[in-house]
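Numbering (the numbering used here), first residue to last: 1 to 547.
Worth flagging that the hints you see were computed from the coordinates, not collected in a lab.
Backbone N, C-alpha and C fix where the C-beta goes; we use that ideal spot for every residue, glycine too.
Using 25 Å as the maximum straight-line C-alpha spacing, the simulated DSS-like pairs for lysine-lysine come out as follows: (1) K109 <-> K68; (2) K250 <-> K194; (3) K433 <-> K382; (4) K310 <-> K109; (5) K250 <-> K293; (6) K305 <-> K390; (7) K194 <-> K274; (8) K293 <-> K274; (9) K433 <-> K168.
Per label pair, the in silico range of CB-to-CB distance: (10) V204 <-> Q291: 15 to 25 Å; (11) G154 <-> V204: 17 to 27 Å; (12) G154 <-> R358: 39 to 49 Å.
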Amino acid sequence: MLGKIFLIVILFVLPKGMQGETPLSSGQNSFPRIRNIKIVIHDIYETEPDKRARFPYRLANTLHFKTKDFVVRRELLFRRGDVVNDILLQETERNLRNLLFFKDANVRKININQQQVDVLVEVEDQWTTVIGTKFSREAGESLFGIRLEEYNVGGFGQTIKFSYSQTKARSYREAALMEPRILNTRWSFTYIHKEHFDGHSDVVILHRPFYSQFSRFSSGVYWERFEGERYFYPDVGESLAYDSEQATFKTSVSRLLDSNGWWRSGVSFFSLSKKDDYKKPEDRSKVELSQVKLRQLTLALSYAKLTYIKETYLDRFARTEDVSLGQVVNLMLGCTSRFYGSNDNSVYLGMIWDQAWRMWNTHYLYMGFYTSCYFSGRTFRKLWHEGSVKYFWRLGARNTLVSNFCLTLGERMPPERQLFLGGINAIRGLEEKQLVGQNRWILNLEDRFFTNLNLFDFYLGGIFFIDVGNIWFSTSDFDWKSTCASAGFGLRLGNSRVYGSKVTRLDFAFPIHGPVKFQVCFATGQFFGAFKSLSYINPFPRLFGEE
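All chains should be modelled from the sequences, with the hints used to inform the complete structure.
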């Protein structure tokens, strides 16, 4: 009965969302209209004699495929003859900057007369080819690897990736392809293939996002298949391998509800088929994992009212970052039913809340909360609660004090849903899977400073940090004495002219308390960054990785 009610609601919710759309514009005919649009694409380095005359810069420009004019033009939310809308100009600028193969973007209007304006769109290309090698030796075993990545193939905007690594007994292969605009539409296509020594997987994503505050609908399909070996960690120092086959399918359609671009609704269908078999029958006594069939239909309502501020030296040195301020709320109601082929009948409840503030010009505060659970037979299960707080304080033009606190609580979760306390993105003095559990809190403090030291546009920075946290399986296991802490320092290397301007980090962690030891952590990207862009948020933000 519940499934039939959801089907009726779908028929009521979706129809208008599938109509064609034109970005909304405000104003009457008396307002100025766009006479001409000029696109200017700057090379990676300017080569005028008084600027970038040195050979390495000219060589980089020669080897790089400059972005094609139509790649920029297809991102525009306006066209010739439209009434000028400042909101759409600003959105276009942010969308171009979000492509990441542009260092920066600038969209501005030039007044011609009272009835006409020209629009100038300027973008700066970045270096988008990544060729790397990897060599390491651990426990007497050597590993060699190579990777090739291109994020703007031939200047057309596509992405291809390939990586290969091998030890004496194991090999890893990964390949990926992304087409951001299929036939110059708003639909994107992504394919990812992975072959590891313990299994292989394939992922296909077809997606049309909310690309503007006023875009009327979003839709997508996600498919993944995995066959191979997975690992479960029942206790500290223990690992359990089991064979697993899993097929995942997700699809959703969402629509805009109001002319302000604040409210959206949608419906999604999620299908999961999983079969886990242990190699050793005696291990079955430790954990119960069996065949799972989940078919879930979900309705969602979202509210997003946001403003934006341009910032630098929060995460990525001199690269301009669009910091989202405001509030986003997502409410989700779903059901699993034998009518759809699920193992049981249950009701799903979920909520996401994000809020970001700017205070006294130099302080940024972000708070977020996510909760979800299933209700069946008067019993709640798979309860998952996660709250986080981030705080940024600009102490100076090139110095930022940042803190991050995250609390995750799980109850009646499946055994394989595990958290880890160690690693490059948690307690840096612990190995990644050294401590496991289903409940965790982490507090991180970093003092980031960005220097003027520059070699071929590579800038050097550094941090001092403290990491504190605890992890446990159930309430009875919690012990304050088990809290772990480490502290240390790190180096940061950034280049605003390389794809995404990602920061390379090298951290040295020293033990303070708990089973912590000296660790060296190497990774790309800051540990925790400025607030993720919340614009155009899908009512199902976790469905296609849009959170």
